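Trainee: Chains as they are written, first to last, in numbering that gives the first Met the number 0: chain A, 0 to 259; chain B, 0 to 248.
There may be inaccurate statements among the hints.
To be verified - Calculated lysine-lysine pairs in the DSS-like style (CA-CA distance at most 30 Å, straight line): (1) B:80 - A:157; (2) B:157 - A:15; (3) B:157 - B:80; (4) B:80 - A:15.
In short, the hints are calculated from the structure, not lab data.
Predicted, not measured: the structure shown is a model, and the values here were computed from it.
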Amino acid sequence: MAIISTAGLARTFRTKHGPVEAVRGIDLTVREGEILGFLGPNGAGKTTTLRMLTTLLAPTGGAATVAGCDLAADPAGVRRACGYVAQSGGVDPQTGVREELVTQGRLYRLTRARAAERAEELAQDLGLAGLLDRRCGALSGGQRRRLDIAMALTHRPKVLFLDEPTTGLDPGSRAALWELVRRLRDEHGTTVFLTTHYLDEADALSDRLVIVDRGVVVAEGTPGALKLEYGGSPDASLQDTFLAITGRDATPAEQTPVAV
Amino acid sequence: MLFHDTALVYGRYLRQSLRSRFALLFGVLMPLLYLLFFGPLLTDLPLGGRGSSWQLLVPGLLLQLGLFGASFAGFSVIIEKGQGVIERMRVTPVSRLALLLGRVLRDATLFVLQAVLLVLAAMAMGLRAPLPGVLIGFAFVALLTVSLGALSYALAMKVDTPQVFGPTINALTMPSMLLSGLLLPMSLGPAWLDALSHLMPFRYLVDAVRDAYAGSYATAHMLYGVLVAVGFSVLAVAVGTRVFRTAGA
Numbered sequence: 000m001a002i003i004s005t006a007g008l009a010r011t012f013r014t015k016h017g018p019v020e021a022v023r024g025i026d027l028t029v030r031e032g033e034i035l036g037f038l039g040p041n042g043a044g045k046t047t048t049l050r051m052l053t054t055l056l057a058p059t060g061g062a063a064t065v066a067g068c069d070l071a072a073d074p075a076g077v078r079r080a081c082g083y084v085a086q087s088g089g090v091d092p093q094t095g096v097r098e099e100l101v102t103q104g105r106l107y108r109l110t111r112a113r114a115a116e117r118a119e120e121l122a123q124d125l126g127l128a129g130l131l132d133r134r135c136g137a138l139s140g141g142q143r144r145r146l147d148i149a150m151a152l153t154h155r156p157k158v159l160f161l162d163e164p165t166t167g168l169d170p171g172s173r174a175a176l177w178e179l180v181r182r183l184r185d186e187h188g189t190t191v192f193l194t195t196h197y198l199d200e201a202d203a204l205s206d207r208l209v210i211v212d213r214g215v216v217v218a219e220g221t222p223g224a225l226k227l228e229y230g231g232s233p234d235a236s237l238q239d240t241f242l243a244i245t246g247r248d249a250t251p252a253e254q255t256p257v258a259v
Numbered sequence: 000m001l002f003h004d005t006a007l008v009y010g011r012y013l014r015q016s017l018r019s020r021f022a023l024l025f026g027v028l029m030p031l032l033y034l035l036f037f038g039p040l041l042t043d044l045p046l047g048g049r050g051s052s053w054q055l056l057v058p059g060l061l062l063q064l065g066l067f068g069a070s071f072a073g074f075s076v077i078i079e080k081g082q083g084v085i086e087r088m089r090v091t092p093v094s095r096l097a098l099l100l101g102r103v104l105r106d107a108t109l110f111v112l113q114a115v116l117l118v119l120a121a122m123a124m125g126l127r128a129p130l131p132g133v134l135i136g137f138a139f140v141a142l143l144t145v146s147l148g149a150l151s152y153a154l155a156m157k158v159d160t161p162q163v164f165g166p167t168i169n170a171l172t173m174p175s176m177l178l179s180g181l182l183l184p185m186s187l188g189p190a191w192l193d194a195l196s197h198l199m200p201f202r203y204l205v206d207a208v209r210d211a212y213a214g215s216y217a218t219a220h221m222l223y224g225v226l227v228a229v230g231f232s233v234l235a236v237a238v239g240t241r242v243f244r245t246a247g248a
């Protein structure tokens, strides 16, 4: 069952130098409980797509539903159903960890008591228990990331959007984050929609990959299927597959998708 | 829901401000310097108003405090955009209007607090004014703060860098201050300058507060002052709301 589906989702920015088509038309579906890796070179339109799907940015074309709510007609429903962690995170370094978690709970309309309880639960669950009384700015990169995710999980969303969640983390913290993402899906059935530049991450974590380039979907499938189709063998590296798909490397013409 | 959300946003930002007591005190420092180093110059000058020179100067300084303070309030939004705090809040169901109202009400609270400190200092230096007049003055500071704060936040949502925001605000506030007669009554100047200053909304506010400090409440100045202050804040909050509702920048 599709929890996210988009049809021709597009966004054009008007700039001084004329219109910029950041996203030209994205068609994709995400199944419930799936971990979807959303890949593409810099500037492919990944973040813009994410910001549209989370109601932060109004599309200039196309349509989408998230968790049964239409993006244009019911943005409030979409907001209730999804959590979003931006590349930059979203906490004030001067504010305490507990205060940010409680405020976030209150923004999701929890009562004061329930918000305080939820902050404790999230801290327990995400390994932040000893850090509740620190300032957010005093956390390490990995702890900060876990806090960002905890904030996004406050209302137990059906869909979690993660924009380059492991950028800047050390290998240990990255591995811990992968574990966390898998656990979220396994224990709560959360659908995870994540963008990444790291192909090993996409390979290790995703059930399915959607590859975008210049604002359109150029390939999709399981990592194995994509390797076979574009890389020539199931043992091809995702790196070679990715280069073949996005055409940033010499490839036979019949293997290059039309959109490139 | 709007009330709940506004209270929540207000509380968050008020706590944030109270944590930086230094910034809080620094805010009153500039008007205090005017009071100390500029006020005494006026005591024996014929300024054409009723009452002492303090009754003319202090209303101007109060509004100047609001003018400069609230106009730069948007800097915090630019910082928060960089931190991702704005987007994090905008993906929650929180009312978009509350994100604006909570902030401007926090500003109004802080500036009235600073205004109280300023008036107390002025009284120590020789200001005598009726209590109702002083309270009316605080109400005008609050309205001015709400208006300018809303516009400043709206601008900050639209521009991306402090390098654009700072000079824009400077370019707007400096002439506004000079043309509103905040430091000296415009009626002292040539007719063209007096006429020009009537194009500035703040001119009507400062005239009204000066009347209030002189103990006259039922005057034409007061009427125009109230109309302009209320009208300006309604307009500014409407603009701010529109930007906060639709902002995708």
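Trainee: Each hint: holds or not?
Mentor: Tested hints:
1. B:80 - A:157: 26 Å, holds
2. B:157 - A:15: Holds, at about 15 Å.
3. B:157 - B:80: Holds: residue 157 of chain B and residue 80 of chain B sit about 11 Å apart, inside 30 Å.
4. B:80 - A:15: 22 Å, holds
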